[in-house]
Amino acid sequence: MLSAVNLRKVYITKEKQGIFRTWKKEVIAVESLDLEIKPGEIVGLLGINGAGKTTTIKMLSTLLLPTAGSIVIDGIDALKEPMKVKKMVNMIAGGERMLYWRLTARENLSYFGSLYGLNGKALTDRIAFLLKEVELEEAADIPVERYSKGMKQRLQIARGLINDPCYLFLDEPTLGLDAPIAKHLREYIRHLAVQEGKGILLTSHYLSEVEALCNRVYIIDRGALVLHDTPENIIRDVSAGAILSVWVSELQNTMLESLTKVLLPFEASLTVIKQSDGVELRVQSKQDVTALVLQHLFEHGVTLQRLEVEKPKLEDAILTLAGRAVAARETA
Amino acid sequence: MISLWRVFWSEMKKSHRLNFHSKLIYFSLLVWPAITYASAYYSLQPFNLGAHSPLNRFFSSEKIGVFLLTGYLGYIFFWSLVQSAWQMSFERYSGTIELIFLSPVSRLGMIYGRAAADLLEGVWLFSTFTLLAVASVKGINAVGWWSIPLGLVILVVSAVIWGGFLNVIFLFSRDSSFLYTVLDEPMLIFSGVRIPVAAMPLWGKAIAFVFPLTYVLQIIRELVMEGMGFRQILPSLGVLFAVLILLFLLTGRLAILAERHALKTGNLTLF
Chain A
1 MLSAVNLRKV YITKEKQGIF RTWKKEVIAV ESLDLEIKPG EIVGLLGING
51 AGKTTTIKML STLLLPTAGS IVIDGIDALK EPMKVKKMVN MIAGGERMLY
101 WRLTARENLS YFGSLYGLNG KALTDRIAFL LKEVELEEAA DIPVERYSKG
151 MKQRLQIARG LINDPCYLFL DEPTLGLDAP IAKHLREYIR HLAVQEGKGI
201 LLTSHYLSEV EALCNRVYII DRGALVLHDT PENIIRDVSA GAILSVWVSE
251 LQNTMLESLT KVLLPFEASL TVIKQSDGVE LRVQSKQDVT ALVLQHLFEH
301 GVTLQRLEVE KPKLEDAILT LAGRAVAARE TA
Chain B
1 MISLWRVFWS EMKKSHRLNF HSKLIYFSLL VWPAITYASA YYSLQPFNLG
51 AHSPLNRFFS SEKIGVFLLT GYLGYIFFWS LVQSAWQMSF ERYSGTIELI
101 FLSPVSRLGM IYGRAAADLL EGVWLFSTFT LLAVASVKGI NAVGWWSIPL
151 GLVILVVSAV IWGGFLNVIF LFSRDSSFLY TVLDEPMLIF SGVRIPVAAM
201 PLWGKAIAFV FPLTYVLQII RELVMEGMGF RQILPSLGVL FAVLILLFLL
251 TGRLAILAER HALKTGNLTL F
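These protein sequence lines map, in sequence, to chains A and B. Under our numbering, the first residue of the first sequence carries the number 1, and numbering increases by one thereafter. Under our numbering, the first residue of the second sequence carries the number 1, and numbering increases by one thereafter.
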């Protein structure tokens, strides 16, 4: 298991004041962050830009030294024995950097494999296996500069897996990819966790991706942990709930009053919107009240024209949290 | 730490594939040194090079050709490594330097492997310049054929150690390219490439002794201009050896400090 306790990272930056004068400024990138990743689990790390996601990933992958706190990976202290930990982790970032464009996929993998001590048949076999996994076998000997964005990203994945890491840090892995390629990559990420038992930390601006893939999500704002739970619980606790919209031809006031009473225990909000061809009833509630509302309407002989249920998404929860954070800062 | 030699070899292969992707590069590499050599040689011709020439105090005027040839040969070897270190900026930009430091690879193996890769061109240059010297330049005075490969070994080893030092400097900051200006031209002027170090004023000599190229050129000239044997060059070889050891130790220390600095500031991704 990867366990980070009380992580803190403070950068010292130099600010210019006039032509010759500079003064040092402390910037807190991460503050008192506790984080765990178990083998076979995909953990999301979310936050608005500048929240400290990339800094956290770099600390976990030994590229940055925390100002305070500890990181232990499968019993090894990452701060005391970084060379041992480096063999167990790897990082994949989105975009087209982090590859040698003039080299072929095979040459790239051969070079990066050698950095982990792989050589001879073990290296050749590992390269062949990974090229097959990311479906780049046919393009293996073409320089990377001739690859499409999706091919480069697949090669990035193969590069990140070259040392068969136990823990993988994915920083925006589907950034800028076409929908079908991104979907394929998401399936592969799930395969790595479920089938191969790798612990994965994922940051992404595509919140539907995080919602679909992650077992647990950490939400950070300005480096500090705001919330940590499963995506389902976060959605349930933070968002205002599902929206049930029912379109009917006409609505009597008595039926509306009785429906309001029925919904009272569920803390649901009921809105009536008059449309040109009828009335729209909009009910928002943290609990699913669809069956209750429909039963009530049928009992009163109301004829339904249309029905829609809009379930809340992780994105709604994040937007709510971001709004709260901004409000809290403004109040402070 | 991963086997030093294996890393050294992988780094060499990669850097070579990246930098020498076209056969034309090998020919273009030869054109520039040939032009600079010719330029230096012919710019001396209008001056008094006879028995009363100031240069005659340091070596016979008929040896100007071989003096400049050895000087430029050594300079090109060292110069190519300043260029190679400069390419570290590109690795920052592409993000690959961060991936190297993400791995448990031997940092020194990586640093010296890069330097060695860029010297593959040196072998080509050395062979061509040697042929040129034997065929057209007067004043060669070597005690045996072995002087040539010995000179090559001294040149390659010294240049790789110098290259490793430069690479490590470029690990510190993206702004290290000022070193190119600070090291390149002074190395050309003060290391005895065009003018003997002995002919320089005291302050010039002090600067000369900073550059390992000064010691390398002295040994090569002892071998091919003054006809010294192995035993006779031992004192100069000893001084060079001491300088290289110092440079190697300094490189190792700086590599540790550079990584520590990067761990603290995260500056490996700044470009």
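For the record, the hints were derived by calculation from the structure and aren't laboratory data. Accuracy of the hints is not assured; some may be wrong.
Covered stretches of chain B, going by a simulated chain A footprint (3 or more residues, C-beta under 8 Å) [unchecked claim]:
#1 92-106
#2 206-212
Label pairs and their calculated CB-CB ranges [to be verified]:
#3 B/Lys-23 <-> A/Trp-101: 17 to 25 Å
#4 A/Lys-38 <-> B/Trp-5: 52 to 60 Å
#5 A/Gly-176 <-> B/Lys-264: 28 to 36 Å
#6 B/Pro-149 <-> A/Asp-125: 36 to 44 Å
#7 A/Asp-125 <-> B/Ala-135: 36 to 44 Å
#8 B/Ile-256 <-> A/Gly-95: 53 to 61 Å
#9 A/Ser-245 <-> B/Lys-264: 49 to 57 Å
#10 A/Gly-50 <-> B/Ile-25: 37 to 45 Å
#11 A/Ser-3 <-> B/Val-31: 55 to 63 Å
#12 B/Gln-232 <-> A/Tyr-11: 51 to 59 Å
#13 A/Val-194 <-> B/Phe-27: 48 to 56 Å
#14 B/Leu-257 <-> A/Ala-240: 52 to 60 Å
Among the chain B residues that face chain A by a calculated CB cut under 8 Å, a handful are [as the list claims (entries may be wrong)]:
#15 Arg-6
#16 Leu-263
#17 Gly-266
Even glycine gets a Cβ: it sits at the ideal position worked out from N, Cα and C.
>> Of all the hints numbered above, which does this structure not satisfy? Sort the numbers upward.
In response: 2, 4, 7 and 8
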